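Protein sequences appear in the order of chains A and B.
Numbering follows the numbering used here, with no gaps: position 246 of the first sequence is 246.
Numbering follows the numbering used here, with no gaps: position 92 of the second sequence is 92.
Hint data in this document are derived by calculation from the structure and do not stem from the laboratory.
Note that the structure is a prediction, hence the values are computed from the model and not measured.
Careful: at least some of the hints might be erroneous.
[To be verified] Which chain A residues stay away from chain B? Per the calculated CB distances, all over 10 Å, these:
no., residue
1, GLU29
2, GLN60
3, HIS108
4, ILE198
5, THR612
[As the list claims (entries may be wrong)] DSSO-like mimics (lysine-lysine), calculated; alpha carbons at most 30 Å apart, straight line:
no., chain 1, residue 1, chain 2, residue 2
6, A, LYS5, B, LYS325
7, A, LYS512, B, LYS217
8, B, LYS325, A, LYS512
9, A, LYS211, A, LYS529
10, B, LYS325, A, LYS34
11, B, LYS204, A, LYS636
12, A, LYS120, B, LYS217
13, A, LYS5, B, LYS270
14, A, LYS4, B, LYS192
15, B, LYS192, A, LYS128
16, B, LYS210, A, LYS128
17, B, LYS82, B, LYS5
18, A, LYS6, A, LYS648
19, A, LYS636, B, LYS270
20, B, LYS301, A, LYS399
21, B, LYS192, A, LYS636
22, A, LYS518, B, LYS301
23, B, LYS325, A, LYS648
24, A, LYS648, B, LYS5
25, A, LYS120, B, LYS52
26, B, LYS82, A, LYS636
27, A, LYS128, B, LYS325
28, A, LYS113, B, LYS325
29, B, LYS192, A, LYS648
[As the list claims (entries may be wrong)] According to the in silico footprint, chain B covers these stretches of chain A (three or more CB under 8 Å from chain B):
no., segment
30, 9 to 19
31, 535 to 543
32, 629 to 638
No residue lacks a Cβ here, since even glycine has one placed at the ideal position from N, Cα and C.
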Amino acid sequence: MDEKKKVGVFVCHCGRNIAQTVDIEKLMEKVREKYDVELVEDNMYMCSDPGQNLLKESIQAKNLNRVIVAACSRDMHEPTFRSAAQEAGLNPYLVEIANIREQVSWVHDDKEKATEKASKIIGSTIEKVIRDEPLEPLKIPVVQRALVIGGGIAGIQAALDIADAGYEVTLVEKSPTIGGHMAQLAETFPTLDCSQCILTPKMVAVSRHPKINLLTTSEVVSVDGYVGNFKVQIRKNPRYVDVDKCNLCDDCTAVCPVVVHDEYNQSLSPRKAIYIPFPQAVPASYVIDEETCLGIDPLICSKCKDVCLVEAINFDMQPEIIEEEFGAIIVATGYDTYPIENIGEYGYGAHPDIISGLDFERLLSANGPTQGVIRRPSDGKVPKTVVFVHCAGSRDPAKHLPYCSKICCMYSTKHALQYKHLVHDGTAINFYIDVRTAGKDYEEFYKRAAEEEKVIYVRGKVSEIIEDGDQLLVKGVDTLLGEAVEVHADLVVLATGLVPSKGTQEISHLLKLSCDSKGFLKEAHPKLKPVESALSGIFIAGTASGPKDIPETVSQASGAAAKAATILASEFLEREPQIAQVDPTTCGLCHTCINVCPYGAIYLDEGVRRITVREALCEGCGSCAAACPSGSIELKNSTSEGIRAQIKALLQG
Amino acid sequence: MNKLKVAVALGATCAGCDVAILDLNEKILDVIEIVDFVFWPTAMDFKLDDLKALKDGEVDVGLYHGAIGTEEDEEIAKILRKKSKIVVAFGACANFGGIPSLTNMPYESKMFDVVYKESPSTSNPEGTLPQKETEIEGTKLTLPGIRKRADSLNSVIDVDYYVPGCPPMVPLIEQVVDVLRVFVEKGTLPPKGAVIAGQDTLCKECGRTKPETISYKEFVSPQEVKEIDPDLCLLSQGILCLGPATRSGCGALCTKMNVGCRGCLGPTDKVDDHGLKMISALTSLLEVEHEEEYTEEDFDKLLEKIPDPLGTFYRFTYGVSMISKLHPDKEE
Ligand SMILES: Cc1cc2nc3c(=O)[nH]c(=O)nc-3n(C[C@H](O)[C@H](O)[C@H](O)COP(=O)(O)OP(=O)(O)OC[C@H]3O[C@@H](n4cnc5c(N)ncnc54)[C@H](O)[C@@H]3O)c2cc1C
Ligand code: SF4
Ligand code: SF4
Ligand code: SF4
Chain A
1 MDEKKKVGVF
11 VCHCGRNIAQ
21 TVDIEKLMEK
31 VREKYDVELV
41 EDNMYMCSDP
51 GQNLLKESIQ
61 AKNLNRVIVA
71 ACSRDMHEPT
81 FRSAAQEAGL
91 NPYLVEIANI
101 REQVSWVHDD
111 KEKATEKASK
121 IIGSTIEKVI
131 RDEPLEPLKI
141 PVVQRALVIG
151 GGIAGIQAAL
161 DIADAGYEVT
171 LVEKSPTIGG
181 HMAQLAETFP
191 TLDCSQCILT
201 PKMVAVSRHP
211 KINLLTTSEV
221 VSVDGYVGNF
231 KVQIRKNPRY
241 VDVDKCNLCD
251 DCTAVCPVVV
261 HDEYNQSLSP
271 RKAIYIPFPQ
281 AVPASYVIDE
291 ETCLGIDPLI
301 CSKCKDVCLV
311 EAINFDMQPE
321 IIEEEFGAII
331 VATGYDTYPI
341 ENIGEYGYGA
351 HPDIISGLDF
361 ERLLSANGPT
371 QGVIRRPSDG
381 KVPKTVVFVH
391 CAGSRDPAKH
401 LPYCSKICCM
411 YSTKHALQYK
421 HLVHDGTAIN
431 FYIDVRTAGK
441 DYEEFYKRAA
451 EEEKVIYVRG
461 KVSEIIEDGD
471 QLLVKGVDTL
481 LGEAVEVHAD
491 LVVLATGLVP
501 SKGTQEISHL
511 LKLSCDSKGF
521 LKEAHPKLKP
531 VESALSGIFI
541 AGTASGPKDI
551 PETVSQASGA
561 AAKAATILAS
571 EFLEREPQIA
581 QVDPTTCGLC
591 HTCINVCPYG
601 AIYLDEGVRR
611 ITVREALCEG
621 CGSCAAACPS
631 GSIELKNSTS
641 EGIRAQIKAL
651 LQG
Chain B
1 MNKLKVAVAL
11 GATCAGCDVA
21 ILDLNEKILD
31 VIEIVDFVFW
41 PTAMDFKLDD
51 LKALKDGEVD
61 VGLYHGAIGT
71 EEDEEIAKIL
81 RKKSKIVVAF
91 GACANFGGIP
101 SLTNMPYESK
111 MFDVVYKESP
121 STSNPEGTLP
131 QKETEIEGTK
141 LTLPGIRKRA
151 DSLNSVIDVD
161 YYVPGCPPMV
171 PLIEQVVDVL
181 RVFVEKGTLP
191 PKGAVIAGQD
201 TLCKECGRTK
211 PETISYKEFV
221 SPQEVKEIDP
231 DLCLLSQGIL
241 CLGPATRSGC
251 GALCTKMNVG
261 CRGCLGPTDK
271 VDDHGLKMIS
281 ALTSLLEVEH
291 EEEYTEEDFD
301 KLLEKIPDPL
311 GTFYRFTYGV
321 SMISKLHPDK
331 EE
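Please take these sequences and the hints and turn them into a complete structure.
Right under this line is the structure:
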């Protein structure tokens, strides 16, 4: 350790990016004069091959054991220079970046002062690099199996992709069937292909895939561990019907005395306490709704059991806790729609003929409550005028959701179009603020509705909807004409936006995933890491991270699956070794660090009574080091003493 | 066996440190067995001239307690250093400036105003302030001048060992006696700069159990709590305790009595700003489970419940704190 520190400093011009504000010649002179360095070199582009070669050759020629590259942010090229140094035989963790671009040339004009600042930053980095110790990356074994939470189209696609890549997948779905919201849709924009027709083959593929273990009526109850080694507990709730025995004869529903709202049909039709969500449900089996069944324990009714010839019904089924290990997790817990009950100006959802977009999907569906004939809920009449209200409860920061859900314009257009196809003499009026059609073939779809199919578009916000006889009076302002409009409608469809599902909220707490201000899961980086969460090994797909249409949901799911597969592909994971370490001689076991670590990386090892860092979990964030009141935690290669020396170097110059 | 020549000198002190030595009770006899007091003005009739009269280096161990508050304190410290082979900073004031260093907060002239003019128990219509020199009936009287800052001992002389505490507790003084005994018998000493106390922090010594998450909604004074759980960490009950940041060695005297640690043993070797470290730990834990639901103002409100934050977090270490350096005397 006491070897002489031979520091080499390499100054990058970054073309003119750095050189036009920093006087490179003078900077090199200053560094040579002020600091104890072995060599100072420069290059037009340090990250280019000649630049990297200069670095490698100098390390070898001058026996450098510490290297500083004065260039751009370490986020950009730290890996480049570290691997170059490694190729020259130097431990990569003995290379540091002095940022003289983002922190100097891009933010200053005065050449002299900028050069002085650049020299100080190099001086400060020297204080760091001479304290750096060689480190080795950590090796962590990987369980080569993935967990997908949520069985909507996002979860289905992710599970299929991972399974097709050859890895085992457990798909956990809360409800009795997979499919999610897409199973409720009639036809999909912009192609108007039937939602079920494109979804159900994928659902069947899931049920048949030898690598997929499907757990419906199941929930994740606890997650422990870290990337490569998540330990997960899943509670499989009883469905009281044996999936393997049930032959879908439907005899049970005839005798069940309990009638409740059918959630699949948005409560627009009834179902029994024993039911199948929809004919193509996967797994293909009936299920007993524990909440509304007359009584399972003690058994009160059991009429269904009596008629079931194949003896599929078993009231003794118990919740089962399944413990499994996974290398990666994908969260695809989806969305709910903004409740129309929240929208006072449109009647709080109290009027039967003011319905949501999702309700309308059911009215449009051949397997819906009206067998695909558009009938309004109040009296079953076919509505002759339908008003579609875009942005219902959206883009309204004062009262409702502040954001745009980006699919509602499209689905309202789709609804109007489908309505026109079904009710040829009907009138469809769409009230909109802006029509947002950013997507492949979306604008054409809108044009077709407005121009060819004569859907009426009124630019303006609907201010109020009131009952008027057996009709509804829709009041608004046409902002293009600048005048008030009133329309009598037989049915009003509110295009409500997307909010994070309850399951998404629950899972974010359970997994300690951070959420944005709207409650959607937050990506590690909104542009560059859209399917990664901040937690290593946990990925997000679909509408759990924000409103999306199906194409975007599916491509995200495939992206997340590919990310997960890269983890599963190797038996070991390498991780950055710049993590926290504890000095047990001064640690007072105050537990502060345990509480502040956002990654749950610290625990008290009761056996030896020592604070211990789980190396695989520590992200090197430094929260613990800042909080530790006894100064006992430090990050490797970022000691308090070193940081102080760096600050001093900056202040003294 | 040669007895050790020991001198006990003092500066800005309440003399509690002297009493602490006497608190050894019958063990003081063990001390007398190995020690000759050659200077200890509080306990015996010594004058500064007696110390001055000793040869340089004649004193084996010089203990100094109290902060360096006056010019005379500084002078005495320097004399002690000259006369002693080993100098020990004894007690919180000599270690960190202690309570007297809280006077560094106002500026010199203001401090005088507070003490000699504004305090409720003072009547001083002429506004007389202490002077370094006064003539009364032709006789010149002098008082030692007050320094701009009350400082720790090591800010004016080289210090060999440190014994913190306000005052150092009997178990620590016993450790000092043990060190002296080893010195007498074997001639060996701990490494220079050693702190004679625990190396870790009080939580370990305190032994109260920690709940899984330590998180408090508000701070309360012990008297506001109906029933303090005697086995549960005080902090998790909302009672401010500096134990996490404070060196162990006291035997957890305060927390045993349901009183939060006040920090008189100062920080560990790893920390140089005691108060700052405690503040960063405390605020990191504050409602850690729900912090996302809080606004800055909510947090401010919680923190308002801490009376006299500077006095609370820097009661003993203000003199050596970084924050005290942000308080330059504007009079200069
Ligand atoms: C009215 C309407 C019309 C639409 N029309 C179209 C269209 O025409 N074209 C188009 O491209 N898009 C359309 N969309 C958007 C489309 O519905 C979504 O893009 C897509 O369904 C999102 O799928 P998902 O898997 O992300 O979420 P979801 O479909 O919500 O699936 C989430 C799944 O996760 C399950 N789950 C939730 N929490 C948990 C948990 N904690 N544990 C286990 N399981 C859980 C849920 O039960 C559900 O099965 C429309 C949306 C609406 C509201
Ligand atoms: S915060 Fe520091 S002193 Fe407290 S338990 Fe953690 S390492 Fe130990
Ligand atoms: S550095 Fe961050 S992630 Fe690592 S143990 Fe400390 S608080 Fe946890
Ligand atoms: S009471 Fe104070 S010293 Fe004891 S464990 Fe709690 S914080 Fe630590």
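Comparing the hints with the structure gives:
1. The claim that GLU29/A is not at the interface with chain B holds, since no C-beta of that chain comes within 10 Å of its own (minimum 34 Å).
2. Here GLN60/A stays apart from chain B, with its beta-carbon at least about 39 Å from theirs, past the 10 Å limit.
3. At roughly 28 Å, the least C-beta separation between HIS108/A and chain B is larger than 10 Å, which holds for a residue marked as non-interface.
4. With 10 Å as the threshold on Cβ separation, the claim that ILE198/A sits away from chain B holds: the shortest Cβ distance comes to roughly 39 Å.
5. Chain B leaves THR612/A outside its interface by the beta-carbon criterion, the shortest separation being 15 Å against a cut-off of 10 Å.
6. Between LYS5/A and LYS325/B, the direct Cα distance comes to roughly 34 Å. Violation of the 30 Å bound is thereby established for this hinted pair.
7. Distance restraint check for LYS512/A and LYS217/B: the Cα-Cα separation of roughly 21 Å lies within the 30 Å cut-off, and the hinted pair is therefore satisfied.
8. With a C-alpha separation of about 41 Å, the suggested pair LYS325/B and LYS512/A falls outside the 30 Å cut-off, and the hint is violated.
9. About 27 Å separates the Cα atoms of LYS211/A and LYS529/A, which keeps this hinted pair within 30 Å; it holds.
10. The straight-line distance between the Cα atoms of LYS325/B and LYS34/A is roughly 28 Å, inside the 30 Å bound, and the hint therefore holds.
11. Restraint check: the Cα-Cα separation between LYS204/B and LYS636/A comes to about 25 Å, which is no more than 30 Å; the hinted pair holds.
12. At most 30 Å may separate the alpha-carbon atoms for a hinted pair to count; LYS120/A and LYS217/B exceed this at roughly 44 Å.
13. The straight-line distance between the Cα atoms of LYS5/A and LYS270/B is roughly 25 Å, inside the 30 Å bound, and the hint therefore holds.
14. The suggested pairing of LYS4/A with LYS192/B holds, with an alpha-carbon distance near 27 Å, which does not exceed 30 Å.
15. In summary, the hint linking LYS192/B to LYS128/A is supported, as the alpha carbons are separated by about 28 Å, within the 30 Å threshold.
16. For the proposed pair LYS210/B and LYS128/A, the alpha carbon gap of about 37 Å is over 30 Å, so the pair is violated.
17. Of the pairs offered as hints, the one joining LYS82/B and LYS5/B holds, with about 14 Å between alpha carbons and a cut-off of 30 Å not exceeded.
18. Proposed proximity of LYS6/A and LYS648/A is supported: the alpha carbons are some 21 Å apart, at most 30 Å.
19. Pair hint LYS636/A plus LYS270/B holds up; C-alpha atoms about 16 Å apart against a cutoff of 30 Å.
20. At most 30 Å may separate the alpha-carbon atoms for a hinted pair to count; LYS301/B and LYS399/A meet this at roughly 29 Å.
21. Of the supplied pair hints, the one linking LYS192/B and LYS636/A holds, its CA atoms being roughly 28 Å apart against a limit of 30 Å.
22. Of the pairs offered as hints, the one joining LYS518/A and LYS301/B holds, with about 26 Å between alpha carbons and a cut-off of 30 Å not exceeded.
23. Restraint check: the Cα-Cα separation between LYS325/B and LYS648/A comes to about 15 Å, which is no more than 30 Å; the hinted pair holds.
24. About 43 Å separates the Cα atoms of LYS648/A and LYS5/B, which puts this hinted pair outside 30 Å; it is violated.
25. Restraint check for LYS120/A and LYS52/B: the C-alpha separation of about 50 Å exceeds 30 Å, so the hint is violated.
26. Taken as a hint, the LYS82/B and LYS636/A pair is broken in the structure, with Cα atoms around 43 Å apart against an allowance of 30 Å.
27. Our distance criterion of 30 Å between C-alpha atoms is met by LYS128/A and LYS325/B, whose separation comes to about 26 Å.
28. Note on LYS113/A and LYS325/B: the hinted pairing holds, with a Cα-Cα distance of about 28 Å set against a maximum of 30 Å.
29. Proposed proximity of LYS192/B and LYS648/A is supported: the alpha carbons are some 26 Å apart, at most 30 Å.
30. By the rule of at least three residues with a Cβ nearer than 8 Å to a Cβ of chain B, the coverage given for the segment 9 to 19 of chain A is violated, with 0 such residues.
31. Closer than 8 Å: that is the beta-carbon criterion, and the segment 535 to 543 of chain A has 0 residues meeting it against chain B, so the requirement of 3 is violated.
32. For the segment 629 to 638 of chain A, the assignment as covered by chain B holds, since 4 residues bring a beta-carbon within under 8 Å of that chain's beta-carbons and 3 suffice.
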